[in-house]
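There are 4 protein chains.
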Amino acid sequence: MNTLGRIFRITIHGESHGPAIGVVIDGCPAGIPLDPADFEEDLARRRSGAEGTTPRREQDQPRLLSGVWQGRTTGAPLHVLFENRDTRSADYGNFTAIPRPGHADFTAMMKYGGWSDPRGSGHFSGRITAGIVAAGVVAKKVLQHSLLRAARLTADNGQVQGSSAVEHAEPDLASAPAPTGIRFQTSLLAVGGSKDINLAIQNALKDGDSVGGLVEIRIRGIPAGFGEPMFYGAESAIAHALFAVPGVRGVEFGDGFAAAAMRGSEHNDPFIDAQGHTSRNGAGGINGGITNGNEIIVRAAVKPASSIARSQHTWNFAEHRMTELQIPGRHDTCIVLRAAVVLEAATACALADLALLWLAAMPLEQNIPWRHP
Amino acid sequence: MNTLGRIFRITIHGESHGPAIGVVIDGCPAGIPLDPADFEEDLARRRSGAEGTTPRREQDQPRLLSGVWQGRTTGAPLHVLFENRDTRSADYGNFTAIPRPGHADFTAMMKYGGWSDPRGSGHFSGRITAGIVAAGVVAKKVLQHSLLRAARLTADNGQVQGSSAVEHAEPDLASAPAPTGIRFQTSLLAVGGSKDINLAIQNALKDGDSVGGLVEIRIRGIPAGFGEPMFYGAESAIAHALFAVPGVRGVEFGDGFAAAAMRGSEHNDPFIDAQGHTSRNGAGGINGGITNGNEIIVRAAVKPASSIARSQHTWNFAEHRMTELQIPGRHDTCIVLRAAVVLEAATACALADLALLWLAAMPLEQNIPWRHP
Amino acid sequence: MNTLGRIFRITIHGESHGPAIGVVIDGCPAGIPLDPADFEEDLARRRSGAEGTTPRREQDQPRLLSGVWQGRTTGAPLHVLFENRDTRSADYGNFTAIPRPGHADFTAMMKYGGWSDPRGSGHFSGRITAGIVAAGVVAKKVLQHSLLRAARLTADNGQVQGSSAVEHAEPDLASAPAPTGIRFQTSLLAVGGSKDINLAIQNALKDGDSVGGLVEIRIRGIPAGFGEPMFYGAESAIAHALFAVPGVRGVEFGDGFAAAAMRGSEHNDPFIDAQGHTSRNGAGGINGGITNGNEIIVRAAVKPASSIARSQHTWNFAEHRMTELQIPGRHDTCIVLRAAVVLEAATACALADLALLWLAAMPLEQNIPWRHP
Amino acid sequence: MNTLGRIFRITIHGESHGPAIGVVIDGCPAGIPLDPADFEEDLARRRSGAEGTTPRREQDQPRLLSGVWQGRTTGAPLHVLFENRDTRSADYGNFTAIPRPGHADFTAMMKYGGWSDPRGSGHFSGRITAGIVAAGVVAKKVLQHSLLRAARLTADNGQVQGSSAVEHAEPDLASAPAPTGIRFQTSLLAVGGSKDINLAIQNALKDGDSVGGLVEIRIRGIPAGFGEPMFYGAESAIAHALFAVPGVRGVEFGDGFAAAAMRGSEHNDPFIDAQGHTSRNGAGGINGGITNGNEIIVRAAVKPASSIARSQHTWNFAEHRMTELQIPGRHDTCIVLRAAVVLEAATACALADLALLWLAAMPLEQNIPWRHP
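Protein chains in written order, with this note's numbering: chain A, 1 to 373; chain B, 1 to 373; chain C, 1 to 373; chain D, 1 to 373.
It is worth saying that the hints were derived from the structure and are not from the lab.
One side only, chain B facing chain A, incomplete, derived with CB under 10 Å: (1) K111; (2) I128; (3) I272; (4) A300.
To give an idea of the interface, some chain D residues facing chain A are shown, with a C-beta separation under 8 Å as derived from the structure: (5) M1; (6) N2; (7) G14; (8) E15; (9) G18; (10) A20; (11) G22; (12) V24; (13) D26; (14) W69; (15) T73; (16) G75; (17) K111; (18) G113; (19) G122.
The structure presented is a predicted model; accordingly, all values stated were derived computationally and were not measured. C-beta atoms are modelled at their ideal positions from N, C-alpha and C, and glycine is treated no differently.
All chains should be modelled from the sequences, with the hints used to inform the complete structure.
And the structure:
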């Protein structure tokens, strides 16, 4: 199922060594300013080049084939296409007999009966994630758009739910990309267990190995009220999107796994002001699957890249024996460097969908005694 | 969005103190033996009673209102209804002015404009999860059914994909509930950070506090080939379902968060035999979003129950000041004891949906040279 | 797939002779006044009793088991349950060997391998449509709610799209059930090809036969802008819902099948005023899958009831020969009498879903030069 | 919502005068032979050229950008792209002030706030349907694939449901494109109400007018058992797809609207043999939303093209007065000539989705006494 979302929906297609990859972005409201240049910043963050990333160079020049006219979204589906240029299939054999450890070679072969495209991992290549990043750019604009629409409602019906978040986001307005104050802050907490990221990468590179890493995404300015319990809660929607990114092994919110070792009196997060701020935001901005207006905090564990220069011992299914495998080609020593923006984009896509659902089902009147329009 | 799944779909309804809760289970194949008694074992695991669980007693007597005739599923939607009996609304005030920390009182109020049912957390109550457990019972039967159908295919087209898993599940046949050897094993790894579960609970109970816990679910016998990349991969589907269970703060597969601190040479999981077993199953049985036939290993972190006997300091939204809150009613000291089976059921529901998608799109022929019918 | 819709979603369950039937209504905004009495009017229209309807009597007393508290929707799923009382399974044999012509006996048997519940057509019984009628009652309220929300927007951003329809609905305000002027008008155009409905029914009754009929549904007050091209256009959504009602053989909009015999110059429907009224509304209020603010006009052809008192010749699959079949039990001579309100309800459900999608994706600003806020 | 289907899912994108249009086809099983040449026949049927079709010439050269490798589907989404070449935007003004009667100019403007792409009807252009035709080609292959899989099952479990249809399709094997005997037969019953199609077109052409037409699609070889009651029945799924095709005003099955004027004794369709053939197939091959193994018969009424050479009187929204409108550009006098294959393709897409759902939920055993393996 290559589609994510219910209203804001993205559909991915393409293979690493096919002619092109792309994404169709549907359910995007009309009239949102969108320019091909808007994609540049995030795509650059995903692009290789830094130490520890593959030498493969793709310009990732997005072609906006539909859904935009005169610089605004039209309401029709957007299609962003990336032509593949720097492909060297010679690098890749057919990994049918000796599927690469940690890769999807074996599982794709089993699921698709040996018919899947093995060149550069085909549809399972990290290359495909360029489409997620492109969708994320649009998703962030949809989030801004949604909060502006909600703020407009506030004008005449006093308090729209969630507006408290809009309020306490106001201090951010200066630095924020838009007056609604939504701000994504994505950081790499550690690589290979070390906070010294460069050193960890250099060591792995030296050993012809790869390293995993821990990414944290914080989002400010999301109002209270995003998330559809019980099966489309904010954590479900975000985790669903994050686990779709190749290499993600774990996802946690707020205190995350630490919460399992805590007492209720520690983990509970009392409200401390009229805006609904909590004492320590251990819930990561989500209660009962619904955002509470505090900063959303989500972390994802990304495994080390499976393709390493070092030789590995694995099974040869054709010859029924263990064998030594040397993986040729160009590898990432630390995919986390490039995965961070993909995880941010996936989170944005999930939130954009929740934003539109939030706008769809907003109540007409408020029944909250202490709320005075 | 109270529906989960694409073919095997469950829809939850009800509130803690309403007349009844229930679940509609759609997309269940016809002809599967199903008896009201089949629900008893898992429902009993969720029921309160053990030390550390709420004194509230619900018989959880499931009424099977549709979808079953003469002891077999009919192909029509199943409806399982649980009447609520032991409700004491007197216990619960309206938490509008002083929303309980950690609960959905505040977020539900913001999202639904103050119209949501606050009695016993209403639709956000753990009570609702009885429906998930009931659906899980059916899901496990659908999984068995699906593997039997696949095995039948194997008879004439040699190797169906995934059959390798059916093979290496054979050692389990004796102990397994069905010849296909699917087996769920759910365990409580720790409570409040300690492996001494009873002690941790007693201490918390003594302090009028609550404790979180860590649950691990292992599933054997799932063939290679479950999971629809890229946005409905096995991790995405399972995590989506698990995060729908109240109190889950984190989900990880195989090495999980530890993978972020590993090297590729450590984390990579070479295949070691013709059945596709891997050396250490650090991937938790999933590569590229598709099951690889090894045991599926998933862990979920469950937070401590938010309702505790101890008083807490939190904001009074009506009086614009901090206040002391004492939560009346009957509480769970350790919801993990009861959540474990719910998490198992949610996982089963996700897998049952993937099983039917797997059957739907199976290729007609195999193109795997080393596979000989 | 027993679920209809994307945001406003209804899930049906139950069998004719099971203990109960029901419907889960999800995606309903919070704060909408809803009382069990609200269901009475439409349920009465579906109830048997009139000449030409089955003597079977069901009180169709709806039990509102969830989603409503203190007379308002809570945002949680509504569950409406109808207990089955007046069932006489003795009336029904097992139609396995001699499936009733026109019924689902044969197809259900083939699809479900003989496991489906044959009692009173089981899940295929018209009885199940009580749930659709109940959902329709809620859908109509969601439509009113949606237009009120849109009207509120109009207040500060001048013209919301679709507001022209709200305008020209104003003349209806007096007679309309709500200030937004949405009005459903469902009429039986003909029965058995005759406009003299009573006579046609009496004759059929006399002959122990049944008659089909033609139903027309007109909806006023739907603004321009409902419908999501291209695969969820207004016609697609409405026709999808109508064909789910047992016995519907055809659906047409506006000029319908007559359009196939027309010239463009005849069928084209020029706009004639600033409100977007068209000269003859031959499009039935829909252009390009999107409502244009004119009255929506849809017609459905309902076949004669398949169960008739007269004996029929059909195949005996057990004895491999033609045989004479006499269908016992209580039959409707003219199901159209009762189907009309079901068709109206199904249309309302489709429109309510489109209304919420319309609210979700509304643009922030207008780019229509001739529109002055 | 530009996506159709649940498992076999197609997503359309593009505008008439944008750089390209296309379709993403997801949920297609792996290993199905597919060559770019396979699209040629159906695309040619949609292409203009015949008298009565637009002089605009598009090569409709499909670029298969993903999902196929070495001539077989890979299980990954297919992307078919059509570059737009012969566009003359000069032909089209901005129809904001004077929306063309019968077109989506007005409704798109209202829905999207004036941001939609008006060039050549933008996303609402018949041009977009090239993607539906391409998807239909794949859908027909998926149907063949599905029946072959079901037939394989028959080998060891005696009778798979639906096999009776496979049986009585056998006489077709010679002429059929595949051994399963699925055959689409699409014909133009009438144009402008006349059976003399050429004459009707010539007359309309002479008058600078356009004509509508009636299309009938018959499908042989579909087994009993396709269709998911109650909200995804065969009629609902097919009608949903057909009404997505621009210009469709009505859809009927079997006796269709004529059934409304019939008696039960006339319309009822007794079974006449062990294969489940019925006496006159008045149900059009569908009972209770499920196919019965007889030929599927569906008709669609297509309106006359809205763009005509003759001038029309319509409203000028900018100048608030009626005005004369002359539509420049290249028009189809009779779009039905080209719509027929689009309707066939849309039907194939709906059936392919039902086929995969049918395979997904097939029962393991049969409980039909008169069926002997």
